[in-house]
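Number of protein chains: 2
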Amino acid sequence: MPVYKLHYFNVTGLGEPIRFLFHYGGIEFEDIRYNSEDWPEIKKNMPFGQMPVLEVDGKKIVQSGAICRYLGKLVGLAGDNDFESMQIESVLDSFNDLRLKISAALYEENKEIQAAKRKTLVDETLPYYLGKLDEIAAENDGHLALKKLTWADLYIAAFQKYLNYAMKGDFDSFEGYPNLQKVVCNSLANEKIKKYVESRPETIC
Amino acid sequence: MPVYKLHYFNVTGLGEPIRFLFHYGGIEFEDIRYNSEDWPEIKKNMPFGQMPVLEVDGKKIVQSGAICRYLGKLVGLAGDNDFESMQIESVLDSFNDLRLKISAALYEENKEIQAAKRKTLVDETLPYYLGKLDEIAAENDGHLALKKLTWADLYIAAFQKYLNYAMKGDFDSFEGYPNLQKVVCNSLANEKIKKYVESRPETIC
Numbered sequence: 001m002p003v004y005k006l007h008y009f010n011v012t013g014l015g016e017p018i019r020f021l022f023h024y025g026g027i028e029f030e031d032i033r034y035n036s037e038d039w040p041e042i043k044k045n046m047p048f049g050q051m052p053v054l055e056v057d058g059k060k061i062v063q064s065g066a067i068c069r070y071l072g073k074l075v076g077l078a079g080d081n082d083f084e085s086m087q088i089e090s091v092l093d094s095f096n097d098l099r100l101k102i103s104a105a106l107y108e109e110n111k112e113i114q115a116a117k118r119k120t121l122v123d124e125t126l127p128y129y130l131g132k133l134d135e136i137a138a139e140n141d142g143h144l145a146l147k148k149l150t151w152a153d154l155y156i157a158a159f160q161k162y163l164n165y166a167m168k169g170d171f172d173s174f175e176g177y178p179n180l181q182k183v184v185c186n187s188l189a190n191e192k193i194k195k196y197v198e199s200r201p202e203t204i205c
Numbered sequence: 001m002p003v004y005k006l007h008y009f010n011v012t013g014l015g016e017p018i019r020f021l022f023h024y025g026g027i028e029f030e031d032i033r034y035n036s037e038d039w040p041e042i043k044k045n046m047p048f049g050q051m052p053v054l055e056v057d058g059k060k061i062v063q064s065g066a067i068c069r070y071l072g073k074l075v076g077l078a079g080d081n082d083f084e085s086m087q088i089e090s091v092l093d094s095f096n097d098l099r100l101k102i103s104a105a106l107y108e109e110n111k112e113i114q115a116a117k118r119k120t121l122v123d124e125t126l127p128y129y130l131g132k133l134d135e136i137a138a139e140n141d142g143h144l145a146l147k148k149l150t151w152a153d154l155y156i157a158a159f160q161k162y163l164n165y166a167m168k169g170d171f172d173s174f175e176g177y178p179n180l181q182k183v184v185c186n187s188l189a190n191e192k193i194k195k196y197v198e199s200r201p202e203t204i205c
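Chains A and B, in that order, give the protein sequences. Position one of the first sequence corresponds to residue 1 (UniProt numbering), numbered consecutively onward. Position one of the second sequence corresponds to residue 1 (UniProt numbering), numbered consecutively onward.
Chain A extracted, bound-state conformation:
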């Protein structure tokens, strides 16, 4: 097995789905968590100046999506063939479209524009995406694809804490979306995930 090192901040965010997948698979990895004051120095050594970065035997790989898809396959949660993998990725990439719209509002510097973006998000975007995803989860028996646990389920379960933080006041753990709540519950019920969540560092987001 290669030596894996995950470089990320001491928050859940885009690192947490990766951590979930390592823990689910019982795969050893170094969970390196930087403080934001160290970031300007660290940034210089990261491809495209970003994290998360997965180091595999010294080779640095950037992009959380690419990393999660790789780990999903490694731990046996990426379907039985490429067509199944595509179906998982299709749903997760749609969730990521929502995530990017949330980030665009969260990191908007102009307060007036931020408020407008937030309003569109809460009134339209969030209900649209979560409604569609909830339907998909209903059709798939409490999973995001293939009617069984896949890495996409673990991804949104891992990301829920960050969504609660980013959308606070307007989003609370997929409330109102019972099938998505099932996806999260099914994922968090896994013994290895449960053990990790109980022992992970306390973080604000």
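Certain hints may be false.
Which copy? The list can't say, so a pair holds if one copy fits it or any two copies do.
[To be verified] Under the rule of at most 16 Å between Cα atoms (straight-line distance), these lysine to aspartate or glutamate pairs were calculated in the EDC-like manner:
id	residue 1	residue 2
1	K59	D82
2	K119	E41
3	K73	E84
4	K44	D172
5	K101	E124
6	K60	E112
Since the hints were made in silico from the structure, they are not lab data.
Based on the hints, put chain B in the right spot on chain A.
Here is chain B on its own, set in the frame of chain A:
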């Protein structure tokens, strides 16, 4: 072989990498191109109200990234194993970060904000990303990963026309980035791709 239908607008954009991959692989598919006036009606039948959509034996799959990764595997351009696939995806996802920033500027409705976004794009973002990608292409002998042709190469070759359109005046076919130009040339030199490009419908973008 399944029956493939690609639903997209009559432009290059996010549909063109998919078309390139089908043509590269010599895989039959129906290349359905909608006019924008038909879109409001068509939109209702598309998952998440978006295109491109790949229909595989009647099942509609959304998200160009998921579709390209699937087709990349199907036509043998996704590396020899999952670790190689991840390296290809890592580079392409970084290119897509750039693409999203370009779209954010292109579709910004407020003219003043659009001008500011465009300035940041031209002065900072574009040179940063294209510079990094050019270095990667230099290290990989005129390819984006693995020192050989992968679906990521075909992707950016297919997307060049849209970049020229979106960034007109500030970007011209990767000028100033000789290694990225090599990536595009290597891809367009393929006989099947060449034949498709010569015979594809004339479109503005």
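Original post:
Against which earlier hints does the structure fall short, listed by number upward?
Top reply: Per hint list: 2, 4 and 6 violated.
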